[in-house]
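Generate coordinates for the entire structure from the input sequences, incorporating the hints supplied.
In order, the protein sequences belong to chains H and U. If you read the first sequence in the UniProt record's numbering, its first letter stands for residue 1, the second for the next number, and so on. If you read the second sequence in the UniProt record's numbering, its first letter stands for residue 1, the second for the next number, and so on.
If you are wondering where the hints come from, they were derived from the structure by calculation, not from laboratory data. Warning: the hint list may mix true and false statements.
[Stated by the list, open to error] No more than 25 Å apart at the CA atoms, straight line, and that leaves these computed lysine-lysine pairs for BS3-like: (1) H/K164 x H/K274; (2) H/K316 x U/K130; (3) H/K208 x U/K130; (4) H/K208 x H/K51; (5) H/K277 x H/K51; (6) U/K253 x U/K279.
[Said to hold, decoys possible] Computed beta-carbon distance windows for the label pairs: (7) U/H149 x H/E196: 57 to 65 Å; (8) U/R271 x H/E196: 27 to 35 Å; (9) U/R271 x H/I134: 55 to 63 Å.
[What the hints assert, rightly or not] Output of the computed footprint for chain H on chain U, the stretches with three or more beta carbons under 8 Å from beta carbons of chain H: (10) 113-121; (11) 125-136; (12) 139-152.
Bear in mind that the values here come from a model prediction, so they are computed numbers and not experimental data. Just so it is clear, CB atoms sit at the ideal spot from N, CA and C, and this is done for glycine as well.
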Amino acid sequence: MSGDDLEAALTTRTQNAPSELLSRSFFFLCAALSIVTTIGLIALLATEAAKFFTFSAPLVGVDGATAGIVEFLTGTNWDPTNGSFGVLALVSATLMVMIGSSIIALPLGLGTATYLSEYASPRLRSVLKPALEILAGIPTVVYGFFAVIYITPALGTVLPGLSKFNMLSACVVVGIMIIPMVASISEDAMSAVPDELRQAGYGMGATKLEVSTGVVVPAALSGIFSSFILALSRAIGETMAVTIAAGSTARFLNIIDPGAYTESALPMTAAMVKLVKGDVTGGGLAYRSVFAIGATLFVITLVMNIVSDVIAHRFKEEY
Amino acid sequence: MTENTAETADESSDGGVTATTGAATTTPTTPPEPVIRARDLDVFYGSERALESVDIDIPEQQVTAIIGPSGCGKSTFLRCINRMNDRIDAARIDGDLTLRGTNVYDAAVDPVALRRRVGMVFQEPNPFPKSIYDNVAYGLEIQDVEGDHDEIVEQSLRRAALWDEVSHQLDSSGVALSGGQQQRLCIARAIAPDPEVLLMDEPASALDPVATSQVEDLIEELAEEYTVVIVTHNMQQAARISDKTAVFLTGGKLVEFGDTDQIFENPEHQRVEEYITGKFG
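Structural data, given as structure tokens:
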């Protein structure tokens with residue numbers, strides 16, 4: 001190749017070809033759209049919630065209705081049609097769902113992950129793992145009916161005083177719902193632990209149990225924690241199953257009292273559904289409270305995501 | 001599997017691998033019994049033969065090097081000694097392999113108990129993502145070793161020539177150390193429970209020359225207290241540090257076994273000489 005030909009070949013610009021420029025713009029638009037949508041949603045939540053907190057007109061027929069941010073965040077009585085907006089009643093129910101479902105899902109999910117990653121034969125794992133992921137794809141409304149039709153009557157035989165709609169059933173069904181998430185993500189983390197570490201354990205005379213719990217689980221801790229936090233966020237945000245199973249009576253319950261779980265209550269998401277689906281008409285204070293609950297929920301999950309990042313980073317193991 | 005009871009009957013009851021207390025290695029009585037003895041040992045992976053009729057007597061408190069070209073079965077042999085091959089479903093072992101007279105493939109022998117008496121150091125340094133202290137104390141913890149763990153950890157790190165570098169940072173992570181330090185940490189971890197035998201599978205092949213020479217010095221020192229069996233693809237390394245050398249050639253056959261000087265200066269077999277002089281492999 002002569003010097004001129006080589007120069008021509010080397011100076012051909014491929015980066016600025018139309019296809020390259022066009023695809024670059026397309027991918028940028030894809031990224032921009034999701035970011036803009038998210039920002040738009042946050043802005044909507046914030047402005048509508050702000051309107052709720054600054055709403056000055058009294059509710060029709062209700063005396064002394066207040067919607068101050070302090071009353072909202074510290075009040076324990078939720079009765080929007082009568083002007084009581086104590087979100088703690090809803091937060092307590094949401095936290096109960098989170099705690100109750102975690103007690104079920106975290107140990108079972110981690111146990112499932114340990115079995116799949118360390119004990120199951122590759123053949124069995126290749127069947128069980130997809131099956132687990134299918135379980136995660138069942139519509140949550142199905143889980144809700146499953147709770148009312150099967151779980152509540154079954155629990156009722158053990159706990160005679162159980163309400164038809166109760167927190168316990170909601171916790172159990174949400175727990176079952178998030179097991180696949182914990183199991184699947186934890187299993188990914190445990191499978192990613194290099195076999196050299198297992199060999200080190202076995203070479204030291206560790207048993208299978210000692211290698212699984214003492215070597216693999218600690219090495220996969222950051223992934224396991226991530227699965228826990230994601231599952232908790234899912235439990236907090238879960239709507240249909242708890243709307244169906246938990247009932248529709250807002251009440252402030254003691255989240256650490258086991259007896260409270262036999263009662264019905266109204267988690268935040270269920271309260272929002274209830275408001276939007278018929279309790280109130282558009283434009284009023286009660287309607288705007290939907291956005292206030294939504295904003296509160298958003299802040300809770302945002303904090304959990306931040307905590308998750310911090311924890312995952314803190315426990316990040318370089319194996 | 002056949003029992004070679006004639007040779008080992010008097011040894012079968014004491015010093016066996018199922019004993020959990022560390023039998024102190026005192027001065028050898030006459031005649032020196034081999035620590036590890038293989039007779040007619042075959043290993044198959046599925047239908048593929050990895051070792052063929054291996055006979056070997058590995059002596060106590062010496063460094064025995066196993067050399068040979070890739071795929072000759074040298075790592076397979078090493079992993080037979082502590083039954084790490086059990087983890088491979090397709091592996092099948094025939095013949096006898098005894099540790100101080102106990103057949104390690106006897107149905108009564110628990111591979112977990114066996115591995116507690118036979119330490120192993122791997123090719124890639126594989127410290128646990130735990131603190132330096134917890135790495136060394138791992139074997140002590142899972143085996144419920146009695147005594148002052150702090151003291152055993154310090155001793156082991158000293159023997160592994162790592163103490164001076166890490167004594168001020170025992171709580172920091174083992175994986176933050178350099179490759180050579182990690183490998184010495186793995187050696188400290190392996191010797192902490194005071195095993196009968198130390199197996200090393202190309203322990204220096206992932207290390208730089210300086211770290212390699214540190215580990216080699218360490219292996220020679222360890223042989224004063226331990227029986228060391230080391231697999232290496234580096235013939236100079238075998239010549240430098242070992243007392244005995246076993247040469248495996250393709251097909252999983254142990255072609256020659258003897259004193260290292262004799263193997264390297266005057267091997268009996270033509271093929272061994274060709275391998276050692278670099279004509280193949």
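Structure-inconsistent hints, enumerated in ascending order: Violated hints (numbers, rising): 4 and 7; every other hint is consistent with the structure.
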